[in-house]
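Construct all of the structure, not just a fragment, from the sequences and the given hints.
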Amino acid sequence: MSDLEDYVPIVGQATVGELFLLARQLQGKVIQNINSTAVGGGVAEILSRMIPLLKQLDVDARWDVIKGDEKFFFTTKKFHNGLHGVPVEISDDEYRHFIEINRQNAQELTFGDILFVHDPQPIALIEKRQEFGKQWIWRCHIDFSNPNPQIWQFLEQFIIRYNAAVFSAPAFARKLAVPQILIAPSIDPLSDKNKELPEEVIDSVFKRFKIDRSRPVVTQISRFDYLKDPLGVIKAYQLAKQYCDMQLVLAGGGATDDPEGPLIMERVRQEAEKDNDIFVLFLPPASDIEINALQRGSTVILQKSLREGFGLTVTEALWKAKPTIAGAVGGIPLQIAHKYSGILSHSIEGTAHWIRQLINEPQYARRLGANGKEHVRNNFLITRHIKDYLLLFISLFHAGDVVYL
Amino acid sequence: MSGFHFYTKLDQTVLLGIQARNVRGLLENLKQVPDSSIYHHTHRFLQQHHYLSPEPPNDFAYWVTNILGDTTLGEQLWSVDIVQFQSIADLRGKFLSLLEAYLAFGERRIDCPEGTEFHFMASRIFVFSTNRVAHDLSEFAEMLGMVSINSVYYHIFDAKLRLQRGENDFSRWLRSLGETELAEAIKSMDPYSHTLEGLRKGIIALVKHYV
Numbered sequence: 001m002s003d004l005e006d007y008v009p010i011v012g013q014a015t016v017g018e019l020f021l022l023a024r025q026l027q028g029k030v031i032q033n034i035n036s037t038a039v040g041g042g043v044a045e046i047l048s049r050m051i052p053l054l055k056q057l058d059v060d061a062r063w064d065v066i067k068g069d070e071k072f073f074f075t076t077k078k079f080h081n082g083l084h085g086v087p088v089e090i091s092d093d094e095y096r097h098f099i100e101i102n103r104q105n106a107q108e109l110t111f112g113d114i115l116f117v118h119d120p121q122p123i124a125l126i127e128k129r130q131e132f133g134k135q136w137i138w139r140c141h142i143d144f145s146n147p148n149p150q151i152w153q154f155l156e157q158f159i160i161r162y163n164a165a166v167f168s169a170p171a172f173a174r175k176l177a178v179p180q181i182l183i184a185p186s187i188d189p190l191s192d193k194n195k196e197l198p199e200e201v202i203d204s205v206f207k208r209f210k211i212d213r214s215r216p217v218v219t220q221i222s223r224f225d226y227l228k229d230p231l232g233v234i235k236a237y238q239l240a241k242q243y244c245d246m247q248l249v250l251a252g253g254g255a256t257d258d259p260e261g262p263l264i265m266e267r268v269r270q271e272a273e274k275d276n277d278i279f280v281l282f283l284p285p286a287s288d289i290e291i292n293a294l295q296r297g298s299t300v301i302l303q304k305s306l307r308e309g310f311g312l313t314v315t316e317a318l319w320k321a322k323p324t325i326a327g328a329v330g331g332i333p334l335q336i337a338h339k340y341s342g343i344l345s346h347s348i349e350g351t352a353h354w355i356r357q358l359i360n361e362p363q364y365a366r367r368l369g370a371n372g373k374e375h376v377r378n379n380f381l382i383t384r385h386i387k388d389y390l391l392l393f394i395s396l397f398h399a400g401d402v403v404y405l
Numbered sequence: 406m407s408g409f410h411f412y413t414k415l416d417q418t419v420l421l422g423i424q425a426r427n428v429r430g431l432l433e434n435l436k437q438v439p440d441s442s443i444y445h446h447t448h449r450f451l452q453q454h455h456y457l458s459p460e461p462p463n464d465f466a467y468w469v470t471n472i473l474g475d476t477t478l479g480e481q482l483w484s485v486d487i488v489q490f491q492s493i494a495d496l497r498g499k500f501l502s503l504l505e506a507y508l509a510f511g512e513r514r515i516d517c518p519e520g521t522e523f524h525f526m527a528s529r530i531f532v533f534s535t536n537r538v539a540h541d542l543s544e545f546a547e548m549l550g551m552v553s554i555n556s557v558y559y560h561i562f563d564a565k566l567r568l569q570r571g572e573n574d575f576s577r578w579l580r581s582l583g584e585t586e587l588a589e590a591i592k593s594m595d596p597y598s599h600t601l602e603g604l605r606k607g608i609i610a611l612v613k614h615y616v
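Each protein sequence line maps, in turn, to chains C and P.
Every letter in the first sequence is one number past the one before it in my numbering, and letter 29, counting from 1, is 29.
Every letter in the second sequence is one number past the one before it in my numbering, and letter 32, counting from 1, is 437.
Be aware that a few hints might be false.
[As the list claims (entries may be wrong)] Think about it this way: if two alpha-carbon atoms lie no more than 27 Å apart in a straight line, the pair counts; the simulated DSSO-like pairs of lysine-lysine are:
id	chain 1	residue 1	chain 2	residue 2
1	C	195	C	339
2	C	373	P	606
3	C	274	C	235
4	C	339	C	241
5	C	195	C	207
6	P	436	C	175
Source of the hints: derived by calculation from the structure; they are not laboratory data.
If you're wondering where the values come from, they're calculated on a predicted model, not measured in any experiment.
Below, the structure is given as structure tokens:
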């Protein structure tokens, strides 16, 4: 487990010191995080790193996971797809079941001073507000820019009862009567997925997967979900490969609440069977070192998402100073200033064009990578995320644009 | 003689749920958003990309240039010299006059592509003490090298424009010590044409010259 002092060489003593000064404002308050999955997916990943660090700051942060049956998670998966603009039908019975599961969970929970509810799954716990009072914050981690109106209407009745709503990107803000706060997620530079790795470790991972490090490697790390467009990635690779030699790595796993992963994975595998330079790696959850090594050993990283929450795999790639080409969706434009700290692409053809450019111009690619890493250091590491959460909790007790603590 | 008390600040970004798709929308919304939004959009790039460029643009210029593709208007917005303004109301007035003048020459309505709208935001700042107090120039130079970049930012940028103290906090304190020449030297630095670390180093070098 990381110690806050371990972050000093990365972000500086003053930045870590400010966290301790802020945390003093929350003495005696219990901050309770609630989400729907303990492992897999970005939310569980960040909470498992953040809670221990908050405790080191002497903040009483806790984490509860709601329970649900198959029908509940099937419905919330439909919410997820519908909020991303995919046509879905949700029956009245499914809506009722969703609320019922939330009510059952509410019976079993003990509520802290600040309830920090993550994503739609536990959103209806807010019904308990009348009974318990407290400060309630809803944290939306997913792309909310073009939600299915029916699902939005259903969720809005709960959102407006919170004290504040938190979104990961400006485009997700809605016309709402509650304050909306922008908090980008973050990565942990000391986690297995992001820490520095010796070259031998990177070599051994590439050797294990039979990928040739002496040739260019283009990699996309993400779940096998059609919103990540793995088939579009293969097409872009095929277009670019007409002009320069390269291998393509598609690697990822699936979160526990994502029943579609294996199906998409199979379609990708069928496409990939036609080309020995395409490596499709279905990685189990405990593959952080492998992902780290694949990113560090790649020539170019892609994240050709059609929809995206924030896009933490982009953050991970940038932190490794890798030239990165990513779809201009969700939170990705917050991370990449086009042609400064990476490349924003809008099409398969555009992605192919930039793959060739970055493979053929390594000096330019290195400059993009270096700028990307600095941008992540300043804005998207876990220390900044902790700062934003501390400010969020503190802000519930203050008014005005300038607050003197 | 009172010491210099180093404060620092941290920002919270508030989403206003207001967006613009073209220059007309930018103008109309600029008239109504709070001062904290004008401040946010003229200083965000400086804070987030302070390592990248010594002369970062404001968000309005970046969006008009890179999203709407209007380099002429973008350059006009880009070259607004923020250091010349003593209040956010004046700064807002400058942007409004540029946009109104542009639209007066005929409405060139170019809508941005879907998904690239200008999203208005605002910032709340939370100010707190670093518990560092400098009692002379030597201590001041040493502590200035130790505080976070947010502290430097607060005493230079927030103090002058957002909190309307007339000048940066360092110059005000130095003036109270009778160090008028040094105070003027720091005041005359253009903080918007330095990276934040460059600004910190420049001030420390100046102060050490007077120790």
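Structure-based check of all given hints:
1. C:195 / C:339: holds, 26 Å
2. C:373 / P:606: Satisfied, since the Cα-Cα distance of roughly 23 Å is no more than 27 Å.
3. C:274 / C:235: OK: residue 274 (chain C) and residue 235 (chain C) at ~12 Å, within 27 Å.
4. C:339 / C:241: holds, 22 Å
5. C:195 / C:207: At roughly 20 Å apart (the allowed maximum being 27 Å), residue 207 (chain C) and residue 195 (chain C) satisfy the hint.
6. P:436 / C:175: This hinted pair holds, its Cα atoms lying about 18 Å apart.
Of the hints listed earlier, there is not a single one the structure fails to meet.
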